[in-house]
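Novice: Sequences listed follow chains A and B, in order.
Counting in my numbering, the first sequence runs from 1 upward without gaps.
Counting in my numbering, the second sequence runs from 288 upward without gaps.
Quick caveat, the hints were computed from the structure, so don't treat them as lab data.
The reader is advised that the hints may include incorrect statements.
What the hints assert, rightly or not - To list a few chain A residues with every Cβ distance to chain B over 12 angstroms, as calculated:
| no. | residue |
| --- | --- |
| 1 | LEU34 |
| 2 | LYS45 |
| 3 | ALA98 |
| 4 | TYR179 |
| 5 | ILE180 |
| 6 | ILE198 |
| 7 | ILE203 |
| 8 | SER223 |
Unchecked claim - Coverage of chain B stretches by chain A, computed from C-beta distances (three or more under 8 angstroms per stretch; other residues unrestricted):
| no. | segment |
| --- | --- |
| 9 | 341–355 |
| 10 | 399–411 |
| 11 | 538–552 |
| 12 | 571–581 |
Bear in mind that the values here come from a model prediction, so they are computed numbers and not experimental data.
Glycine included, each C-beta is placed from N, C-alpha and C at the ideal position.
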Amino acid sequence: MREKPRKRSQFQMTWRRYKKSKLAILGLAAVAVLFFSALIIPLFKDYDTAVEQDFSSRYQPLSAEHIFGTDQFGRDIFIRMMFGARISLLVGIATVSASLLSGSCIGAVAGYYGGRIDEVLMRIMDVFLAIPNTLLAISIVAALGQGITNLLIALAISQVPSFARVVRASILTVKEQDYIEAARALGTPSARIIARHILPNAIGPIIVQTTLNVARTILNISSLSFVGLGISPPTPEWGSMLADAKPQMLQYPHLILIPGAAIAITVMAINLVGDGLRDALDPRLRN
Amino acid sequence: MNVNLLEIEDLRVIYKTDEDTIYAVNGVDMSVKNGETMGLVGETGAGKTTTALAIMKLLPERTGFIKSGRITLDGIDITRATEHEMEAIRGNTVSMIFQDPMTSLNPTITVGRQIAEVLQLHEKSKSSSEMARSVDEMMELVGIPSHRKNEYPHQFSGGMKQRIVIAIALACKPKLLIADEPTTALDVTIQDQVLEMMNDLKERLGTSMILITHDLGVVAQTCDTVAIMYAGEIIERGRVEEVFDTQIRHPYTSGLFGSIPNIKVTARRLNPIDGLMPDPASPPDGCGFYERCPKKMEMCGKKPPLFPTEGNGHAIRCWLHGDCARRGDGS
């Protein structure tokens, strides 16, 4: 008898606005393809094929057998690219999750409690922000020594301040809203107010920042690997592939063009998704 | 029935900022009986909302302080209660409705779940099916079909949002409801409906109410007693009929009545009260209304008038009237 109510959640409304931008959809499609291929590649090819050298088939051009050709050690570039995508996405998501978690805690505490706690925490964050991101990561890697764990730590630490700032700012705006005061007037405890009333309303900018930071991290890993501080060969990593190809770049331009394009397209696609999300979540564009 | 649910004695609230101290509430005494509606009237900045926030103990942290006085609500001294004790009191014994219904609902949670949340906080023993039933009941009570409980606040009109806010405030059947200009943001027809509904619900649930407003028409329509606030003090109080049907009033109250348009009389202009309220950062020595008062006398600027000490009826805080005038002569 009762008719089913039309339910339009915030997620659905966001998706409706997100779809309107063609570029954002393109970016999302590209990211989806990248994720999917990175996910399924081990089902078809062994990781060993990406690292084992075969000197009988060096510098092969693009062909049906080797879609992107082979490099100076005779390894199939396509397979290396795919395994490289796994590493970039894995490192990107892992470091961003770690920094999101710690940055959010710092930002939430600073924003909600304010006063001296806020002052102290945010000044520490400012110190980190004053050092360029990559430089900070390089110094941390240099101090801790090379290796994938240290790389993760370095990249995560260098991103904590940006999350702390964004989370703090959105909590500050939401905290002043009438419905927070109304929730307090109903006897809701602080922890519940933060979890149920503040964070869901502050999530927009945090999601956008997360997406953009994933793109930045992928770029950072590649840069660090390119200068030899990141993931070291023979691990197939886009940045180190670029570095390997550098001496032969005039004779075999595809060696450098393919990883270069992959980095550029991935970063751009993720940024497009981030921009699309920012537009879709912007409260000024509501209704 | 004649027991005072809320009693406020000599309440003083200050706001401390870097530059100066704002004396927002300066010695308010008032009481609300069980089942009674009190209208709290005054212009912007008179301290009405501050008084309400002090009762809820929701004054802004780090700036707002209760300097002295006592607030007794249902036998509990609010000024001494801890934050943890207050969490159990808020929403359960006393609820507050804020001015703007558009912004007092959380946009990311369905209205049904927002009503259920208060029940979860204060009536933990209820099973989830009982809670769902209470939510439906509350929605029907405020005149919103319960099948709309899974919708989000933005899918409702302003008047309906305010009904939902009222449903949330009354869900735990509080003993006291503080409504801070609940109808100011609504248009006149909706205002009337909402007020009527609040009146009706209050009767049914036996709730006492403090209605903060600057509309004397609303007071006449809904309140039993009225207190008129000016510059952080109550300057006149009494039963509604006593204050409305008399010529013996505080000059400020006369001014308020004088600035209401009268349809029986052709007037070219309304009669507003000239001037502004005294600076709350440096309250005057004498009567707060001295500068603007058309009937001021020499002593008004020197000594603040007092409330009559005896009697519970109509009281005026002015040297011109009653007890105050007599004592003024004597000293």
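Novice: Please go over all the hints and tell whether each is borne out by the structure.
Specialist: Now for the hints, and whether the structure bears them out:
Distance check for LEU34/A against chain B: the nearest CB is about 31 angstroms away, which clears 12 angstroms, and the non-interface claim stands. The claim that LYS45/A lies off the interface holds: its Cβ sits roughly 44 angstroms from the closest Cβ of chain B, which is beyond the 12 angstroms cut-off. Distance to chain B confirms ALA98/A as a non-interface residue, since its nearest Cβ pair spans about 26 angstroms, more than 12 angstroms. Here TYR179/A does not stay apart from chain B, with its beta-carbon only about 5 angstroms from theirs, under the 12 angstroms limit.
For ILE180/A, the shortest C-beta to C-beta distance to chain B comes to about 8 angstroms, within the 12 angstroms cut-off, and the non-interface label is violated. Against chain B, the non-interface label of ILE198/A is violated: not every CB pair exceeds 12 angstroms, the least being about 10 angstroms. With a cut of 12 angstroms on Cβ distances, ILE203/A falls inside the contact zone with chain B, its closest approach being about 8 angstroms. With a least CB separation of 38 angstroms from chain B, SER223/A remains clear of the 12 angstroms interface cut-off, as annotated.
For the segment 341–355 of chain B, the stated coverage by chain A is satisfied: 3 residues place a CB nearer than 8 angstroms to a CB of that chain, which reaches the threshold of 3. Judged by the Cβ-Cβ criterion of 8 angstroms, the segment 399–411 of chain B is covered by chain A as claimed, because 4 of its residues qualify and three suffice. Only when three residues or more bring their CB closer than 8 angstroms to a CB of chain A does the claim for the segment 538–552 of chain B stand; here the count is 0, and the claim is violated. Requiring three or more residues with a Cβ within less than 8 angstroms of a Cβ of chain A, the coverage given for the segment 571–581 of chain B is violated, as only 0 such residues are present.
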